[in-house]
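Protein chains: 4
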Amino acid sequence: MYSFKNDYSEGAHPRILQALLATNLEQGEGYGNDPYTLEAIALLKERLHCQAADIHLLSGGTQTNLTALAAFLRPHEAAIAAHTGHILVHETGAIEATGHKIIAVDSADGKLRAADIAKVVALHSDEHMVKPRLVYISNPTEIGTIYTKSELAELSRYCRAKQLFLYLDGARLGSALCADGNDLTLPDLAQLTDSFYIGGTKGGALLGEALVIVNNELKRDFRFHLKQRGALLAKGRLLGIQFRELFRDELYFDLARHANRMAQLLQDALSSAGHRFLVDSPSNQLFPILPDALIEKLEKNYAFYRWEKIDERHSAIRLVTSWATKEEEVLGFIAALKEA
Amino acid sequence: MYSFKNDYSEGAHPRILQALLATNLEQGEGYGNDPYTLEAIALLKERLHCQAADIHLLSGGTQTNLTALAAFLRPHEAAIAAHTGHILVHETGAIEATGHKIIAVDSADGKLRAADIAKVVALHSDEHMVKPRLVYISNPTEIGTIYTKSELAELSRYCRAKQLFLYLDGARLGSALCADGNDLTLPDLAQLTDSFYIGGTKGGALLGEALVIVNNELKRDFRFHLKQRGALLAKGRLLGIQFRELFRDELYFDLARHANRMAQLLQDALSSAGHRFLVDSPSNQLFPILPDALIEKLEKNYAFYRWEKIDERHSAIRLVTSWATKEEEVLGFIAALKEA
Amino acid sequence: MYSFKNDYSEGAHPRILQALLATNLEQGEGYGNDPYTLEAIALLKERLHCQAADIHLLSGGTQTNLTALAAFLRPHEAAIAAHTGHILVHETGAIEATGHKIIAVDSADGKLRAADIAKVVALHSDEHMVKPRLVYISNPTEIGTIYTKSELAELSRYCRAKQLFLYLDGARLGSALCADGNDLTLPDLAQLTDSFYIGGTKGGALLGEALVIVNNELKRDFRFHLKQRGALLAKGRLLGIQFRELFRDELYFDLARHANRMAQLLQDALSSAGHRFLVDSPSNQLFPILPDALIEKLEKNYAFYRWEKIDERHSAIRLVTSWATKEEEVLGFIAALKEA
Amino acid sequence: MYSFKNDYSEGAHPRILQALLATNLEQGEGYGNDPYTLEAIALLKERLHCQAADIHLLSGGTQTNLTALAAFLRPHEAAIAAHTGHILVHETGAIEATGHKIIAVDSADGKLRAADIAKVVALHSDEHMVKPRLVYISNPTEIGTIYTKSELAELSRYCRAKQLFLYLDGARLGSALCADGNDLTLPDLAQLTDSFYIGGTKGGALLGEALVIVNNELKRDFRFHLKQRGALLAKGRLLGIQFRELFRDELYFDLARHANRMAQLLQDALSSAGHRFLVDSPSNQLFPILPDALIEKLEKNYAFYRWEKIDERHSAIRLVTSWATKEEEVLGFIAALKEA
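Residue numbers (my numbering), protein chains in the order written: chain A, 212 to 551; chain B, 212 to 551; chain C, 212 to 551; chain D, 212 to 551.
These are computed hints drawn from the structure, not numbers from a lab.
Ideal Cβ placement from N, Cα and C applies to all residues, glycine included.
Mixed in with the good hints there might be a few duds.
[As the list claims (entries may be wrong)] One-sided excerpt, in silico: chain A residues whose CB lies under 10 Å from chain D:
#, residue
1, Q238
2, E240
3, Y242
4, A281
5, A282
6, P286
7, H287
8, T309
9, G310
10, E338
11, K342
12, K360
13, N426
14, K430
15, R434
16, R440
[Unchecked claim] Listing some non-contacts, in silico: residues in chain A with all C-beta distances to chain B over 12 Å:
#, residue
17, G272
18, A382
19, F464
All chains, full assembly: derive it from the sequences and hints.
Okay, structure coming up:
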C-alpha cells in the first residue's frame, strides 16, 4: 500500500537529518537564539530581499496562524477568509479560541478577490458588528489553486486602501512558487503582504514554519506572543538547522519541484484517460473525479482520501504528492489506472 | 566556554537521532496516529501500570500546560500554584491567555502543602471570587527540590477531598525520580495525580512532553484541544519515535541519572569548599552562593546564570546539568573552583 | 417625527417605574439576593410550570447570550446558528470573544430545521474541526418569523438525540408567544429547550432579560459566570422589581399583544395597498417592500430603517412596533400611506 | 434591622427616579445616542475641563474594568494592582477571562507607589514573562484610604516615564473626592491618569459608571468593545438620564458628602469610645476593631460584615455609609454602642 493521502507521511529530507546529526552535540543558546536559527533567518531575509522583515520559526501551521492573528488583531477585529480557508474549517476553532471571528466568503476556486472582500467591508458598517481587519489567503489554496502576481497585487492594493492586513498562509508555499503558471517570487510576497509564512513541515522538514512579518506595525513584542502560545521551543535550533538546510541552497525549491512534477505525471495520466477534475490545480494536490468502481480498485494498492461524492457513480478523490513521493509509485499508480 | 546555563543547550541523545534516521522514509499516518507514537504510548502505559491512562505527546512545556489547563477548567475555575511555579512566572501569561487565573501561594522551597491550599480554599468562598479547581505542582520544583511519596500522597488526599484536580509539571521528571531521597515512581504519579507530564525536551529528546491524563473526567475530546492550541503535529511520529526510544529500555532514566550524578559532583565540590546553597537540591539544578569575585573568575570559562544578589559581595548562581553534560567539563569546573 | 425604528425607543411601562418608586428606599441585599428578585424568579417558575429551573436576571441580550454560551460550552465546542442569527451578525463577535466559533446555516426564513443541523453535524466529524454542541435559535427570529410547537418539538428531539444543547434567544419572546399562529407556551419552552431567555428590554422594562436554565448539566456555578462577565448588578433589585411587575399579572403579555396589534394594523394597511413583504411576519417587526418614492415621502414624518435594496425603484424597510407604540401614530402612518 | 453592609442597599436618589419618570415616554435613539446621554457626557467633559476626553456609560464596575482593560491591552500585556485590588480579588477572574494576567503587589494601605511598581517592572525583563503595561489603582481604595494629589502625580510621572497606562477605578470616587484630606479634583484625574471611571451605582444611581478615556491611544473603536462585552444597553438613556441628573448640579458631590459625614459620625463615636481601626479611612467605609461581645450585641439591630478576626476576643467589622444612610440610624447605632 502506497499513500498519496498527504504530504506529511514521511520524516524529513535526508540532508536535514544529516544537518541535525552534524550539529547535535554543539552547545547553543535556547529559544531560537542559537547561531543556526540566526543564520537561517539571515538566509531567508536575503531570499526575500527584505532585511527589515522580522522572521520567527514556529512548529506548525495552526500554531503559526493562531499566534500571528492573535498578535495582529485587537479583540473586536476579525479576519476574512474563503469558505475553504484552513483557519475557518480545519483548525478546530483555533482563531476563535483566541477571541476573533472569521468571516467566510464563498469562493469557487479557493481564492479571494477584492470584490468579495469589498462586500464584507460594506456590510460591516458599525460597532454592532466586528471590524474586518485582516484578509487571510492561502497559496496554494486548500484546493490546490494558486495566485498570480497580478491577482495578489490587486488584493494587496485593495487591502492597503482599506487598512486591512493581508496575511498569506504558505503551508505549501514551495509548491505554489514552483507551479506551472506561477509568476510570484518570495520578494513579491514580502512586498505585497503584511505577513506570510513559508511552510517547512510539508516542504521537507520534520516540522517548522517560517513566519515573516513585513509590516512594522505588526512586529512589536512578537516573541512574547510566541512564548504565550507555547510556540517558543527550548531547543529552537531544531527549527533553525532545518530552515538553514532548506535555504542555504535550492533544496526547498528542488523538493517542491519534485512534488509538483509527480503531481503533473498523475494529472497528465488522469487527463489522458479522460477524467475530469474538481478544480484545476497546478500544485501538489489533485482532485480527480473518478468512477467509484475505479476508485475501489485503486484503493487496493494506494491510499488517498475520498473527497466528495459527485453523483451516484462518481466521486472526487484527493491525491497529494510531496518531496518524498517516489516516481516508481506514481508510475505504478498510472499503470494501475490504465489497467483498470 | 562551557555552558551550565540549562538542560537544553544540545540536540538529542544520539540514539534518538538514529531512531529518526532509521524510520525516516517509512510512510505513516499523520497527527500522532502512526505506529511509533502508538507504540510509545503503549510503552508508557506499561511503565505507569495504568492501561486506562490517556497519553498525548506535545511539543513543549508551556504548550502542554496551557492545553491541559484550558481543557480541564471551566471559565470561572482557577489554578493554585507556588509563587515560584513556572506557569505563574515564566510562561508569559499563557494560562491567563486561555482565560484562567492562577492563585499564588508563597513557598520557601517551591513545594505546595495541603495547609497552604486550605487557606486559599477557605478564602474563595463565593461567586465574587474565582473557584479554585486545580493544584499545579512541579517535580522537581523550579528550584530543584523534590516531593517525597508521603508529601505527594497527602496533597493527593487533600485535593480529592476538596474536589481539586492535582496536576504535576514534570518538565524535569527524570531528574526528580532518579534523585537521592526520591521514593516516588511513575505508577505512584498515575495513582496520586489527575494528570501529569513526563518531560522529554530536558530529558534527552529534541522536543516533546508526554501528557498523562488519569482522571476519566478530564479525558473527553482531548485531541480537539490539542488541535485547537496548535499542539497536534502533522508529523506526530517525530514525538512518537523519540518517546519510544526513551522508554523502550532504561534510556530515559539513565540520562537523568547521568545529569544528577554530574550535579552531585558539583554539589560535593562546592560544599567541600565551604559554599552554601540557596536551597538544598537533589536534582539537576544547583543554586550555590558564591563570592562575586569567584563568580567573575568562573565566568571566564563557564556560562551560567546569576540568579540572585545575596549581599554586597555574594550572589547565588544557577548551575544546570543534563544528559549531555560532560564529566570532564564538570571536573574542569571543580578544578577552576579549587584554584580560585 | 415618530419613530418605528425599534422597540427600545422609550423608557419603561409606567407601572414599572411606579414599582421602582414604591420600593426605592427599602434596604435589600445586593447582587440579586433581594426579596423582589426572589419573588420575580418564583413567579417565573410558576409560569413555566418548572420549579426545577434556574433563573437569572441579566441586563441585555448580548450579555445574556455571551454569559450563557461561555458557561455552557467547553473551548472546542461550537454553536450553530441561522445566518441571520443575532449572535452571528450583530453582537460584535461577543461569542467568539469568549473563545467559541459559531457555525452559520443559510436559512430563508431565519429558522433552523433538523435537516440543516444534520448537515453541519455530518461535516464536523473529527478533531480537526470544532465540535458542534449548541443550537442557537431566536423566537421570533431576527426577521420576525416564529416557530410552531411542532417545529420546536422536532428540533428539540433532534438536538437531544445528537447531544446538542438547544438554546432559544427570546429578546422579543412576548411578541412571538402572542402572535397569530403561535401555539407555543412558556411551559413548552421549558420542556423543549435546555435554556432560553425571556426578553424584558424590548418587552416593557428599562432593561433586563430573564435567563432560564432547564438542563441540570448547565446550572452549576452559573452565578460565577454572571460575575465574571460583569452581569451581576450590585443593585440586582432593579431587574427583580421589573420582572416581578411584568409577571405578577398579565402585563408582559398585554404589552406584547399591543405591539402585535399595532403591527397587524400596519400589515393590513400595507397589504390592502398592494405592497408585498420581504418575509411574512406575525410578530412586531415588518419588512414591507415599497417604492423608493413612497419611502421618501414617509420619511418626512416617520423614522424607520431602510433594510435592503430590492430593485432600482423599490426597497424593503423595517417597521417595528412595541408596547409603547401609539395607535394614533399608527393610524397617522396608514393615512400617510394612503395619501401618498 | 438597619444595614451598614454596603452602599448599594437602596434604589436611587429620588431626583433620579423623577428624571426617569419625566422623560419616560419620549422617544430617543438607542445605544447611548439619545440626547440625555449626550448631555450627560457634555456635562462631564465640562467638569473634567477636558473636551477631548471620550466618555462612555456602562452598567457596573466589573463590566467597566473588564471592557476597558481588554480594549487597552494586547494579549501579552498585564496589569499591576495592589493585592487588595478589586479586579484581583473580587471580580471572579473577569480580567483573566479576557486573557490578561494581573500582577499583585502587597500594600498595607491598599495604595500603590512608584517604588512598588518599579520592582515589578525590573523583574519582568523578557519575553518569558508578561509585559506590565497598565497600573490599576482604586480611589478610594478597597479599604477606604485615598490618594493625595502628590501621590497620584508621582505615580502618573512614573507610569508615563515607563510607558505604563494609569487606570483608576472610581467605584466610590465621590466619597474620595469629598473626603477630609482630599486635594484631588476631577480635572486632576483627567490630567494624571490615562483612563478612570466615575462610579454611579454606589453614588446615588440605580446603576451606571462613567468611563473616561483621556489617552488618545486608548480611544479608538471603543464602542465596538462595549458591544462585544455586552455593555451597550439598548436603552442607553437609562444611564444618560441618571448621570445628567447627578452632574447637572452638585448632586453627585452632595450625596458623597452625606455618606462621608455619616461615616465621620460613626468614626468619631468609635474613636471616642476607645476603639481602634484596621486602617485609617476618611471615606465611606470604616473598619473598626471591636470586642466580639460588643459585635454580637450590635448585630441584634444592625447588619454589617465581620471583616477579619483580630485576636481571640476581637474582630474588625466593616461599616459602610451611603447617600441613603439615615442620620437617625447612625445616631441609634452610636447610642447602642455607648449603651453596650
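Hints, verified against the model:
{"no.": "1", "hint": "Q238", "verdict": "violated (20 Å)"}
{"no.": "2", "hint": "E240", "verdict": "violated (13 Å)"}
{"no.": "3", "hint": "Y242", "verdict": "holds (8 Å)"}
{"no.": "4", "hint": "A281", "verdict": "holds (6 Å)"}
{"no.": "5", "hint": "A282", "verdict": "holds (7 Å)"}
{"no.": "6", "hint": "P286", "verdict": "holds (6 Å)"}
{"no.": "7", "hint": "H287", "verdict": "holds (4 Å)"}
{"no.": "8", "hint": "T309", "verdict": "holds (7 Å)"}
{"no.": "9", "hint": "G310", "verdict": "holds (7 Å)"}
{"no.": "10", "hint": "E338", "verdict": "holds (4 Å)"}
{"no.": "11", "hint": "K342", "verdict": "holds (6 Å)"}
{"no.": "12", "hint": "K360", "verdict": "violated (34 Å)"}
{"no.": "13", "hint": "N426", "verdict": "violated (15 Å)"}
{"no.": "14", "hint": "K430", "verdict": "violated (13 Å)"}
{"no.": "15", "hint": "R434", "verdict": "holds (4 Å)"}
{"no.": "16", "hint": "R440", "verdict": "holds (9 Å)"}
{"no.": "17", "hint": "G272", "verdict": "violated (8 Å)"}
{"no.": "18", "hint": "A382", "verdict": "violated (9 Å)"}
{"no.": "19", "hint": "F464", "verdict": "holds (21 Å)"}
Consistency note: the structure conflicts with the earlier hints numbered 1, 2, 12, 13, 14, 17 and 18.
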